[in-house]
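Undergrad: What follows is each chain in one-letter form.
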Amino acid sequence: METVTGHVTGINSNLANVSFEGAVRKNEVGYILVDDKRLKGEVIRITNGVASMQIYEMSNGIKIGDPVEFTGELMSVDLGPGILTQIYDGLQNPLPELAEKCGFFLQRGVYLDAIPNKDWEFTPVAKVGDSVSAGDTIGTVPEGIFTHRIMVPFTLKGSDWTVKSIKEKGSYNVRSTICVIANGAGEEKELSMVITQPVKQPISCYEERLKPDEPLIMKLRCVDAFLPVAKGGTFCVPGPFGAGKTVLQHMEAKNGEADIVIIAACGERAGEVVEVLTEFPELDDPRTGRSLMERTVIICNTSSMPVAAREASCYTAVTIAEYYRQMGLNVLLLADSTSRWAQAMREMSGRLEEIPGEEAFPAYLESTIASFYERAGKVRLKDGSIGSVTIGGTVSPAGGNFEEPVTQATLKVVGAFHGLSRERSDARKYPAIDPMESWSKYPGIIDMDLVEKARGILRRSIEINQMMKVIGEEGTTAEDYITYQKGELLDAVYLQQNSFDPIDAACLPERQRIEFDVLYEALMLKYDLEDKDEIRSFFNQLRQEFLDWHGTVFETPEFEAQKNKITDFFKSKALA
Amino acid sequence: MQKVYTKIESIVGNVITVRADGIRNGDLALVGDSYANVIKLDRDMVSLQVFAGAQGVSTNDPVRFLGRPMQVSFSEHLLGRIFNGAGVPRDNGPALKDNMIDIGGPSFNPAKRIVPKKMIRTGIPMIDLFNTLVESQKLPIFSVSGEPYNQLLARIALQAEVDVIVLGGMGLKYDDYLSFKDTLEKGGAMSHTVMFIHTAADPTVESTLVPDMSLAVAEQFALEGKKVLVLLTDMTSYCDAQKELAITMEQVPSNRGYPGDLYSMLASRYEKAVAIEGAGSITILGVTTMPGDDVTHPVPDNTGYITEGQFYLKNGHIEPFGSLSRLKQNVNGKTRDDHRALMDGMIKLYAQYKESLEKKSMGFTMSAWDDKLLKYGEMFESKLMDLSVNIPLEAALDLGWEILADCFEPNETGLKTSLIKERWPKTLDD
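As given, the protein sequences belong to chains U and E, one line each in that order.
Going left to right, the first sequence walks through residues 1 to 576 as my numbering numbers them.
Going left to right, the second sequence walks through residues 577 to 1006 as my numbering numbers them.
Don't take every hint at face value.
Said to hold, decoys possible - Simulated crosslink set (SDA-like; lysine to any residue; CA at most 25 Å straight-line):
hint, chain 1, residue 1, chain 2, residue 2
1, U, Lys382, U, Pro362
2, E, Lys948, E, Arg999
3, U, Lys167, U, Lys200
4, E, Lys616, U, Ser192
5, U, Lys101, E, Val591
6, U, Lys63, U, Asp136
7, U, Lys164, U, Asp213
8, U, Lys469, E, Glu931
9, E, Lys910, E, Val738
10, E, Lys924, U, Phe538
11, E, Lys924, E, Glu853
12, E, Lys910, E, Glu970
13, E, Lys930, U, Arg422
14, U, Lys563, E, Glu988
15, E, Lys762, E, Gly939
16, U, Lys189, U, Lys101
17, U, Lys532, U, Ala574
18, E, Lys693, U, Asp504
19, U, Lys63, E, Lys910
20, E, Lys803, E, Gly763
21, U, Lys63, E, Lys992
22, E, Lys924, U, Asp480
23, E, Lys930, U, Lys565
24, E, Lys910, U, Asp504
25, E, Lys930, U, Lys63
26, U, Lys526, E, Trp945
27, U, Lys573, U, Asp528
28, E, Lys924, U, Ile457
29, U, Lys63, E, Gly939
30, E, Lys762, E, Gly656
31, E, Lys951, E, Phe984
32, E, Lys910, E, Glu931
33, U, Lys571, E, Lys693
34, E, Lys762, E, Pro779
35, U, Lys167, U, Asp136
36, E, Lys992, U, Asp491
37, U, Lys563, E, Trp945
38, E, Lys819, E, Val591
Bear in mind the hints are in silico, worked out from the structure with no lab data behind them.
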């Protein structure tokens, strides 16, 4: 195929206008040749025979007349064994390799292979003569603890393809041909372990989508019990800055009971990615005993990296997530933050001089956010195995105001809402998820009726607290005051969790159930207390005992002893 | 080789347009005697922003393209010197021309960063104890105009143990510039300080260059292994200058007239803060004045999402609420075993004090517990929050325990029993 070429006719920050000869597709990738560098860009609009390209790199030094080469390919990622443990930028450039090549700084125009060039132990599954279609498994390789399926490219069209030849069991290079397929028309295709997938096309080679009804355990008490997340579901975490969004996401990345975790650091601080990079290899995954890094992929397009690539990074991440779902695995994708991604869209929209919508966001903001979250889901694959992609996105609303367009567009499409509040974080109540405003449509690990009753006490407690601000403590009855203290207790010892305490940081579901039962009993009892000071000191003591209980190791004599101590303590004051 | 163009097509605000060929995006040019850089190309129309302002520029002024982007000279000779936003000396020293480096260079590879682990001691308990400053952190001081933010900045600069201080001033009042200079000179810090100063009287465009100049220089020092502290004051002036420019360029404004890429613009500057493996580090301490004490204003709001925390300066002290150092967890686990617990515990109690205070102001009867909180709050404010307090961290921790013991019974503090046994200054009953 002849390459289509063109030349630059205008440049405004990271938007280049290119006049061209021949055919150009919308969203195809092109390279601008500047000196000896090739700068990647994507065609986002064609008007009057001029293609507008967003450039994924810094645009300094580009001049009018610089040649442009179009590739004819849509913006794509490479998929294959070796993705796990990688750290990519938004365009799937491996950052450590880039550092080896270019040193401390990110040089533009350097693109490296995303899939490491190594040999894998291949075991064929398909046989010569088998008929295959897009997404079928032709063989497997072991990737860490997972059986990585080598599949027919998801973009393969037609159904009359058969295997013409396939390599025997053995070690092959990741890019060598391992299988040849042919169709009725006599076309042949050589397949290797690496396939290319356009990032903006969802992978849909499955039988059916299922209802997300199984909880995805995060080992966070307030999430698992009160605001659960389901495998294949979606949730969003909006919050003002400093409310602990990122710490919360890191906790979820560490403790979430998913097979694979993909962290998309999209337009956020580089330092936070570094924390993950240094911490995760040292931590063990309690489920497998292997390093946490072995189940993690990081897509890192931090705030100082070029804006256009930031928009691509969320798509890169979700495409990799979908790829692993095709292997029957549960994937958790954590995107931090989708607001930055939306802002990247806004910047481009502004340069294209599109008519702005609310707060200058483009009119297609809502549909774009919706189609991103819709790529989550629990699916039954053709071989009957179940896989899921769960998407959790943080939102950084301007001024912490949830009425802004990105938060509102996100709330419409997610299944759980974990809203962080400034009041809670100011009072150091972490995780600062607002228990009243937040909601979840998924089932959790504890009987929903009991949770609702507990939530009722909390709601009442907040009301009483509001009332006390008006009528004062002396005007409050002892009964109301006890309810108020019960709500405070629930908040302090169950909803709050210390993510920096080695024991309290991760609370197993079994432990959560036991702690909830004890607490629930304490909340439902009536107490023989009249004097406010007496009530306060009783609840202070009870809180203290619970906090000390959090510090004991689960299933040890100390844990049991403290449990009994607490129960005896509150029962001693209870009304018969 | 240098072509001279003498037909300026349009002059709008500080942006001029001229027809020229073969010009690169971002290149520097001379319009008359003042520098300008290329910000937009459309076929043969080249738009340039004139650093010194387009006032008085004539349509037949010569435009010379220099064929290189904006640069700054880097060497040891910078130390002790003062420049303006365009890199021209403000003091009476000679202009520096050696070893020119590009400003606004590429971003640091995240894979090459290291986790910051060193605390920067300031002697201010509200920082050291409650929101520890960490080497390579980027942290703004959110302040209402009229607060002593520049004094605070200068004090931290003097007390922090760093190798090089780079001060970037944007829209500074001339007096503030002089007092910075005086303070640093008297404190003996001028010999390892470089200043890029744009005062409120200077052309607006120059202020947009100050952060890039300061950070380009800081980056070079850091690569040489120096611990660099960059002070940027005031970033709101910088953003306002960018707003002015964006409006001139007819960009669609996003929020209160600020350009849509305000976040990216600030982020690419603040993200220059870094700890480099085997070399030095850059710590950025900025000032963001909040117009009308409104933290939801686009500048403080976007800044808050970028930086690793913020110090709120209000009523002459650093507010415990809202102030946050995100990196404190990296260092405060290793200072003293009671640091974290005391930090959280004392703030929680202070939050309750605020509630009691509110009740009191509404005229409710104070319970015994309220009285305890009121006593605690007053002690906390006078002994720890006051900006004039200058004590090392360890002394501040001990003082914290004393205040607690003065006001409360151990089980009222919400602290772990084991810690109380070890640290409670008074003898316990049991």
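Undergrad: For each hint, tell me whether it holds in the structure or not.
TA: Cross-check of the supplied hints:
| no. | hint | in the structure |
| --- | --- | --- |
| 1 | U/Lys382 to U/Pro362 | 38 Å, violated |
| 2 | E/Lys948 to E/Arg999 | 20 Å, holds |
| 3 | U/Lys167 to U/Lys200 | 32 Å, violated |
| 4 | E/Lys616 to U/Ser192 | 45 Å, violated |
| 5 | U/Lys101 to E/Val591 | 39 Å, violated |
| 6 | U/Lys63 to U/Asp136 | 47 Å, violated |
| 7 | U/Lys164 to U/Asp213 | 41 Å, violated |
| 8 | U/Lys469 to E/Glu931 | 9 Å, holds |
| 9 | E/Lys910 to E/Val738 | 21 Å, holds |
| 10 | E/Lys924 to U/Phe538 | 19 Å, holds |
| 11 | E/Lys924 to E/Glu853 | 37 Å, violated |
| 12 | E/Lys910 to E/Glu970 | 12 Å, holds |
| 13 | E/Lys930 to U/Arg422 | 16 Å, holds |
| 14 | U/Lys563 to E/Glu988 | 21 Å, holds |
| 15 | E/Lys762 to E/Gly939 | 50 Å, violated |
| 16 | U/Lys189 to U/Lys101 | 34 Å, violated |
| 17 | U/Lys532 to U/Ala574 | 16 Å, holds |
| 18 | E/Lys693 to U/Asp504 | 24 Å, holds |
| 19 | U/Lys63 to E/Lys910 | 53 Å, violated |
| 20 | E/Lys803 to E/Gly763 | 18 Å, holds |
| 21 | U/Lys63 to E/Lys992 | 65 Å, violated |
| 22 | E/Lys924 to U/Asp480 | 23 Å, holds |
| 23 | E/Lys930 to U/Lys565 | 33 Å, violated |
| 24 | E/Lys910 to U/Asp504 | 19 Å, holds |
| 25 | E/Lys930 to U/Lys63 | 60 Å, violated |
| 26 | U/Lys526 to E/Trp945 | 23 Å, holds |
| 27 | U/Lys573 to U/Asp528 | 6 Å, holds |
| 28 | E/Lys924 to U/Ile457 | 22 Å, holds |
| 29 | U/Lys63 to E/Gly939 | 71 Å, violated |
| 30 | E/Lys762 to E/Gly656 | 13 Å, holds |
| 31 | E/Lys951 to E/Phe984 | 10 Å, holds |
| 32 | E/Lys910 to E/Glu931 | 33 Å, violated |
| 33 | U/Lys571 to E/Lys693 | 47 Å, violated |
| 34 | E/Lys762 to E/Pro779 | 30 Å, violated |
| 35 | U/Lys167 to U/Asp136 | 16 Å, holds |
| 36 | E/Lys992 to U/Asp491 | 17 Å, holds |
| 37 | U/Lys563 to E/Trp945 | 28 Å, violated |
| 38 | E/Lys819 to E/Val591 | 13 Å, holds |
Consistency with the previously given hints fails for numbers 1, 3, 4, 5, 6, 7, 11, 15, 16, 19, 21, 23, 25, 29, 32, 33, 34, 37, ordered from lowest to highest.
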